[in-house]
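A.B. asks: Please model the complete structure; the sequences and the hints are all you need to start from.
Number of protein chains: 2
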Amino acid sequence: MRYFEDFPVGTTMRFGAYEVTAEEITEYANQYDPSVLVPGYPGGEGGKAVASGWHVCAMMMHMLCEGFVLKSAGLGAPGIDKLKWLSPVCAGHVLGMETEVMKARRSASRPGIGLVYLRHSIRDQSGEMKLVCENWVMLATREGSAA
Amino acid sequence: MRYFEDFPVGTTMRFGAYEVTAEEITEYANQYDPSVLVPGYPGGEGGKAVASGWHVCAMMMHMLCEGFVLKSAGLGAPGIDKLKWLSPVCAGHVLGMETEVMKARRSASRPGIGLVYLRHSIRDQSGEMKLVCENWVMLATREGSAA
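Protein chains in written order, with the working numbering: chain A, 3 to 149; chain B, 3 to 149.
If you're looking for bench data, these hints aren't it; they were derived computationally from the structure. Small disclaimer: the values here were computed from a predicted structure and weren't measured. One or more of the hints may lead you astray.
Unchecked claim - Derived BS3-like pairs (lysine-lysine); straight-line CA-CA distance at most 25 Å:
(1) B/K50 - B/K73
(2) B/K50 - A/K84
(3) A/K86 - A/K105
(4) B/K105 - B/K84
(5) B/K105 - A/K50
(6) B/K105 - A/K105
(7) A/K86 - B/K86
(8) B/K73 - A/K73
(9) A/K105 - A/K73
(10) A/K50 - B/K84
(11) A/K86 - A/K50
(12) B/K50 - B/K86
(13) B/K73 - B/K105
(14) B/K50 - A/K73
(15) B/K86 - A/K105
(16) B/K105 - A/K73
(17) B/K50 - A/K86
(18) A/K73 - A/K50
C.D. replies: This is the structure we're talking about:
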């Protein structure tokens with residue numbers, strides 16, 4: 003288990019690979035975001051399946067859980083400070099992501115809790131940038147956890 | 003079909019209701035965000051199923067598609083400017099949302115396109131605020147569409 007102290011500023015983690023399929027894109031779209039199925043949706047030229055932006059966030063969370071969240075003393079995230087969808091994610095893309103710790107501080111009001119500000123970026127196998135996202139994540143401190 | 007001109011500043015739309023079930027929470031969590039299944043996840047006291055924050059965004063998109071996106075000349079959204087998860091969304095909650103147009107402007111560089119800055123808020127049936135989210139959305143203008 004890793005704690006706040008294990009993620010100093012500058013720490014960079016790499017996760018993936020996430021293979022995007024037409025089946026998964028369609029399933030998500032039908033359930034949550036049918037707008038990507040409308041002919042003429044940006045990136046869907048020639049009938050290509052394009053993933054919902056929120057689906058790409060879900061794929062990001064899958065990679066983050068596997069590589070980071072489930073192995074750390076995470077206490078959740080209050081929200082997202084910035085999120086940009088930079089280019090379409092389509093069937094056949096294999097996504098990888100990089101997460102960097104930009105800031106880190108101990109909570110002033112809640113002892114035993116630290117916060118890290120993370121910058122996540124997702125690229126496909128050709129290196130094209132798909133998404134950037136920044137947010138604060140709460141982690142238990144090692145000393146707080148030992149107390 | 004509704005265009006940029008149909009969403010002046012101050013326009014308020016209401017969407018819903020979205021009934022949250024334990025089955026759907028678990029299905030999403032298993033596929034994308036198993037962190038909500040870890041015992042002790044905030045809001046999950048007593049074994050209650052808590053939805054992933056990204057799942058709540060997916061539910062929001064579902065409501066937005068039904069009430070707004072699929073009925074408008076939407077051209078997508080470049081990203082999210084602010085997103086806050088304010089309290090846990092659990093099985094049994096019935097979500098409704100309100101979307102308000104905070105700003106509206108025509109694109110300076112791309113004729114025929116307008117941008118609206120939206121503030122989305124989601125509450126459960128008791129009125130408890132669950133999520134707020136703000137972002138720019140692109141819409142075709144009526145005049146651009148007629149051209």
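A.B. asks: Work down the list of hints and note, for each, if the structure agrees.
C.D. replies: These are the hints, each one checked on the structure:
For the hint pairing B/K50 with B/K73, the CA-to-CA distance comes to about 36 Å; that exceeds 25 Å, so the pair is violated. For the given pair, B/K50 sits about 30 Å from A/K84 by alpha-carbon distance, which is inconsistent with the 25 Å threshold. Restraint check for A/K86 and A/K105: the C-alpha separation of about 20 Å stays at or below 25 Å, so the hint holds. A hinted pair counts as satisfied when its Cα atoms are at most 25 Å apart, and B/K105 with B/K84 qualifies at roughly 15 Å.
The suggested pairing of B/K105 with A/K50 is violated, with an alpha-carbon distance near 33 Å, which exceeds 25 Å. Note on B/K105 and A/K105: the hinted pairing is violated, with a Cα-Cα distance of about 31 Å set against a maximum of 25 Å. Under the criterion of a C-alpha separation no larger than 25 Å, the hint pairing A/K86 with B/K86 is consistent with the structure, at around 16 Å. Among the hinted pairs, B/K73 with A/K73 is inconsistent with the structure: their alpha-carbon atoms are about 43 Å apart, more than 25 Å.
Our distance criterion of 25 Å between C-alpha atoms is met by A/K105 and A/K73, whose separation comes to about 20 Å. At roughly 30 Å between alpha-carbon atoms, A/K50 and B/K84 are farther apart than 25 Å, so this suggested pair is violated. Straight-line distance between C-alpha atoms of A/K86 and A/K50 comes to about 21 Å, which keeps the hinted pair within the 25 Å bound. Annotation: proposed proximity of B/K50 to B/K86 holds, straight-line Cα distance about 21 Å (limit 25 Å).
With a C-alpha separation of about 20 Å, the suggested pair B/K73 and B/K105 falls inside the 25 Å cut-off, and the hint holds. Between B/K50 and A/K73, the direct Cα distance comes to roughly 22 Å. Compliance with the 25 Å bound is thereby established for this hinted pair. With a C-alpha separation of about 19 Å, the suggested pairing of B/K86 with A/K105 holds against the 25 Å cut-off. Distance hint between B/K105 and A/K73 is unfulfilled; the C-alpha atoms sit about 42 Å from each other, more than 25 Å.
Using a Cα cut-off of 25 Å, the hinted pair B/K50 and A/K86 is violated, with the two alpha carbons roughly 32 Å apart. With a C-alpha separation of about 36 Å, the suggested pair A/K73 and A/K50 falls outside the 25 Å cut-off, and the hint is violated.
Violated hints for the displayed structure, listed by number in ascending order: 1, 2, 5, 6, 8, 10, 16, 17, 18.
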